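Student: Read in our numbering, the sequence shown has 271 at position 271, and its numbers run on one by one without any break.
Keep in mind that a hint or two might mislead.
[What the hints assert, rightly or not] Listed next, the in silico DSSO-like pairs over lysine-lysine satisfying Cα-Cα at most 27 Å (straight line):
{"id": "1", "residue 1": "352", "residue 2": "290"}
{"id": "2", "residue 1": "70", "residue 2": "54"}
{"id": "3", "residue 1": "329", "residue 2": "54"}
{"id": "4", "residue 1": "391", "residue 2": "352"}
{"id": "5", "residue 1": "341", "residue 2": "352"}
{"id": "6", "residue 1": "25", "residue 2": "54"}
{"id": "7", "residue 1": "341", "residue 2": "5"}
{"id": "8", "residue 1": "54", "residue 2": "92"}
{"id": "9", "residue 1": "70", "residue 2": "25"}
{"id": "10", "residue 1": "52", "residue 2": "70"}
{"id": "11", "residue 1": "241", "residue 2": "217"}
{"id": "12", "residue 1": "341", "residue 2": "391"}
{"id": "13", "residue 1": "130", "residue 2": "25"}
{"id": "14", "residue 1": "130", "residue 2": "341"}
{"id": "15", "residue 1": "25", "residue 2": "5"}
{"id": "16", "residue 1": "352", "residue 2": "70"}
{"id": "17", "residue 1": "290", "residue 2": "329"}
{"id": "18", "residue 1": "217", "residue 2": "130"}
{"id": "19", "residue 1": "54", "residue 2": "241"}
{"id": "20", "residue 1": "241", "residue 2": "341"}
{"id": "21", "residue 1": "70", "residue 2": "92"}
{"id": "22", "residue 1": "391", "residue 2": "329"}
{"id": "23", "residue 1": "52", "residue 2": "341"}
{"id": "24", "residue 1": "70", "residue 2": "329"}
{"id": "25", "residue 1": "352", "residue 2": "54"}
{"id": "26", "residue 1": "54", "residue 2": "5"}
For the record, the hints were derived by calculation from the structure and aren't laboratory data. As the structure is a prediction and not an experimental result, all values here were calculated from the model.
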Amino acid sequence: MEKAKVIYEHSRTPLHALGLSSEGKKSLRLSLSHGGDTAGLFDFDGANLVTKSKVGIVVVGGVCVQVLPKLLDGDTDGQSHLLQNLSYMLLKTESDAAFTELYPCVSSSNLDFMDVMVFHFASQLRQALKRKVVLRFVEREENLSRVTGKINFTKDLRHNLVDRSKIYCEFDELSAANIIMQTLKHVAVQMLPFASRQETSSMLNACISNMPTIDAKRFSNQSILNVSLGNQNAVYRGCWKLALLFLLGDSPDMVTGGRNSVSLVFDMNVLFENFIAYILDNNRDRLGIKSVRTQVYTSIYDHAISISDPEVKFRTKQSGRLDLFIVMKNDTRLILDTKYKRVKTSQSQIEKLSVNDLYQMFSYSHFHKVDGEVLSTVLVYPEDTVGFEVKLLNSEKNINWHAVSVNLHESFVNAEIRLIERFSSIFSNITGSK
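Sequences are here, hints too, so could you generate the full structure?
Tutor: Spelled out as structure tokens, the structure:
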């Protein structure tokens with residue numbers, strides 16, 4: 001297996017550096033011009049391939065390309081460790097938002113990211129099978145009766161006009177003739193070779209064993225596209241969406257003879273925000289948190305103020321979205337915003353933060369008041385070297401700002417523990433608790 005080419009998000013890479021053939025370049029340009037699955041991932045800038053904020057595994061022109069986070073640029077030793085952490089973040093969040101940017105491709109590579117997505121499919125299918133309701137299915141025709149004309153079941157049952165024992169449901173969730181269940185079992189069987197971890201293969205085998213009466217069958221693409229999931233099988237919508245990607249996904253690689261597969265590509269900004277929300281929500285009691293709200297939209301505001309330490313002048317006029325709005329158990333409210341970006345290299349802690357970030361902290365804290373009280377704000381960064389913590393306090397200006405980082409290069413078992421400890425210290429400072 002040829003080693004995957006490595007490029008980074010928000011970068012420009014010459015096409016010749018990827019080893020793309022002329023046919024591969026043509027295929028990629030055609031996919032982008034037609035708004036294919038790579039349209040949200042790549043752009044062209046002359047002879048360069050321009051990546052955006054998406055990260056993951058794709059194939060362009062027959063060449064397997066690994067798009068890594070920009071924080072890894074130049075760090076070859078830490079690549080495998082950070083990829084393990086990315087998988088950890090994906091498995092912990094299990095968030096639809098983090099899995100909405102899935103781009104299919106053709107690949108012969110069996111990569112860790114593939115295992116993560118297969119595990120996500122298997123876990124969703126497993127949970128759906130646990131919640132299934134097996135409806136009564138009558139096999140012997142002599143047990144059935146024919147009723148003609150318009151039937152009002154509510155009225156007829158109330159007046160005993162219909163024999164309840166003769167009423168049956170044609171939909172059987174575990175019937176061998178159910179196209180939905182047959183397709184899901186087919187995908188589960190086909191994904192077994194891509195399960196590189198024992199946990200993933202065990203999950204798939206558990207799903208398969210829970211569908212003993214169902215034949216694993218692949219239907220035509222048009223038949224699968226015509227399937228409509230109603231209320232009877234709504235629990236399968238999550239895994240059905242992934243199953244369609246496995247089966248029907250187009251690829252920027254239009255060369256025939258490839259082996260169909262699917263790659264995982266996602267937005268790092270969304271994933272980082274979801275992971276921080278997971279840490280906070282999963283440790284509410286320890287951190288003294290009552291509730292965590294996400295995706296809180298703001299209104300337009302206009303104000304100007306000057307603060308010192310450092311001396312920065314702000315004029316705010318914008319609208320936006322708060323990443324996380326936190327209510328503590330003592331009813332203190334604060335705003336937490338995630339910043340998936342590289343911080344400045346500086347001896348001074350406060351100079352690590354950009355003026356725009358300080359500007360945003362001021363905007364959030366002063367224009368989301370509760371009963372006239374200015375809210376405290378916390379910024380969370382990923383740190384590519386070592387962790388840091390910044391405090392900016394000014395009682396005269398009603399400023400209580402904090403910034404903290406999580407190191408994506410160390411084991412998340414340790415990084416998560418340290419981040420929780422920092423959150424605990426910051427929240428205690430904000431709430432005034434001992």
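Student: Now tell me, hint by hint, if it's right for this structure.
Tutor: Hint check:
This hinted pair does not check out: residue 352 and residue 290 have alpha carbons roughly 31 Å apart, beyond 27 Å. A threshold of 27 Å between alpha carbons decides the hint, and for residue 70 with residue 54 the separation of about 10 Å falls inside it, so the pair holds. Distance restraint check for residue 329 and residue 54: the Cα-Cα separation of roughly 37 Å exceeds the 27 Å cut-off, and the hinted pair is therefore not satisfied. As the CA atoms of residue 391 and residue 352 are separated by approximately 12 Å, the hinted pair is consistent with the 27 Å bound.
Note on residue 341 and residue 352: the hinted pairing holds, with a Cα-Cα distance of about 11 Å set against a maximum of 27 Å. Distance restraint check for residue 25 and residue 54: the Cα-Cα separation of roughly 20 Å lies within the 27 Å cut-off, and the hinted pair is therefore satisfied. Straight-line distance between C-alpha atoms of residue 341 and residue 5 comes to about 23 Å, which keeps the hinted pair within the 27 Å bound. The straight-line distance between the Cα atoms of residue 54 and residue 92 is roughly 19 Å, inside the 27 Å bound, and the hint therefore holds.
For the hint pairing residue 70 with residue 25, the CA-to-CA distance comes to about 24 Å; that is within 27 Å, so the pair holds. Between residue 52 and residue 70 the alpha-carbon distance is near 10 Å, which keeps this suggested pair within the 27 Å criterion. Taken as a hint, the residue 241 and residue 217 pair is honoured in the structure, with Cα atoms around 17 Å apart against an allowance of 27 Å. Restraint check: the Cα-Cα separation between residue 341 and residue 391 comes to about 19 Å, which is no more than 27 Å; the hinted pair holds.
Of the supplied pair hints, the one linking residue 130 and residue 25 is violated, its CA atoms being roughly 46 Å apart against a limit of 27 Å. Distance restraint check for residue 130 and residue 341: the Cα-Cα separation of roughly 40 Å exceeds the 27 Å cut-off, and the hinted pair is therefore not satisfied. With a CA separation close to 15 Å, the supplied pair residue 25 and residue 5 stays within the 27 Å bound. With a C-alpha separation of about 18 Å, the suggested pairing of residue 352 with residue 70 holds against the 27 Å cut-off.
Taking the CA atoms of residue 290 and residue 329, the gap is about 5 Å. The hint holds against a cut of 27 Å. Using a Cα cut-off of 27 Å, the hinted pair residue 217 and residue 130 holds, with the two alpha carbons roughly 22 Å apart. The suggested pairing of residue 54 with residue 241 holds, with an alpha-carbon distance near 20 Å, which does not exceed 27 Å. Note on residue 241 and residue 341: the hinted pairing is violated, with a Cα-Cα distance of about 31 Å set against a maximum of 27 Å.
Pair hint residue 70 plus residue 92 holds up; C-alpha atoms about 22 Å apart against a cutoff of 27 Å. Taken as a hint, the residue 391 and residue 329 pair is honoured in the structure, with Cα atoms around 23 Å apart against an allowance of 27 Å. Restraint check: the Cα-Cα separation between residue 52 and residue 341 comes to about 13 Å, which is no more than 27 Å; the hinted pair holds. Taken as a hint, the residue 70 and residue 329 pair is broken in the structure, with Cα atoms around 37 Å apart against an allowance of 27 Å.
The suggested pairing of residue 352 with residue 54 holds, with an alpha-carbon distance near 25 Å, which does not exceed 27 Å. Pair hint residue 54 plus residue 5 holds up; C-alpha atoms about 16 Å apart against a cutoff of 27 Å.
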